[in-house]
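J.: Each chain, letter by letter, is given below.
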Amino acid sequence: KAGVTQTPRYLIKTRGQQVTLSCSPISGHRSVSWYQQTPGQGLQFLFEYFSETQRNKGNFPGRFSGRQFSNSRSEMNVSTLELGDSALYLCASSTPGQAPGEQYFGPGTRLTVT
Amino acid sequence: AQSVTQLGSHVSVSEGALVLLRCNYSSSVPPYLFWYVQYPNQGLQLLLKYTSAATLVKGINGFEAEFKKSETSFHLTKPSAHMSDAAEYFCAVSAGSGGYNKLIFGAGTRLAVHP
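Sequence order for the protein chains is A and B. The number in our numbering is simply the position in the first sequence, starting from 1, with 4 added. The number in our numbering is simply the position in the second sequence, starting from 1, with 2 added.
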């Protein structure tokens, strides 16, 4: 089985712009979670989608949003980018039957905001 | 609420020596606990998980961890370090089924292995 894939792997944007990141989960996985990783704040949970519905959300401003499609692929969007949004964004997928929190992670999208 | 504390942001060991990475957790519900590893320029990989089935948990690459409720600890060990173990290790707690897959991570411990 192919693993979790994320596109693009690297992205450079300018302050004020918006960006969309994409995640394709492992085939058959219906849950997709997003995390932000920065040197200062570490790994922080953004949100989780299951069957096209957001079922959990972290403590991030409304500029961060996401969605999930019927094929379980997910996108996250960040509007009005700030310098502090520079981070590695990780996507993770899981399937029912796994322990809560047991997830397979993608390689991440490294976003640089200038 | 859940939280995780990893003692030591950097640990350095010699090849062949014991690896001990410390993790303490706080949870208001019976926790699900995990260790994930991150190699440079990669995502996270699950090393092992505690789901209340057994207190001593064995994972991949020779790693194991012991759940100690009285100490609220879930330390990661490996008897003999290998150069390929150099990476960053994250302890994480899940909020359980009510929190779905939300993970709370520790700050991470970077393991260096020298010859």
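There may be inaccurate statements among the hints.
Unchecked claim - Pairs of lysine-lysine residues, derived as DSSO-like cross-links and limited to a Cα-Cα distance of at most 27 Å, are as follows:
hint, chain 1, residue 1, chain 2, residue 2
1, B, K51, A, K5
2, A, K61, B, K60
3, B, K70, B, K51
4, B, K70, A, K5
These are calculated hints, taken from the structure and not from any lab test.
J.: For every hint, state whether the structure bears it out.
T.: Structure-based check of all given hints:
| no. | hint | result |
| --- | --- | --- |
| 1 | K51/B to K5/A | holds (22 Å) |
| 2 | K61/A to K60/B | violated (31 Å) |
| 3 | K70/B to K51/B | holds (14 Å) |
| 4 | K70/B to K5/A | violated (35 Å) |
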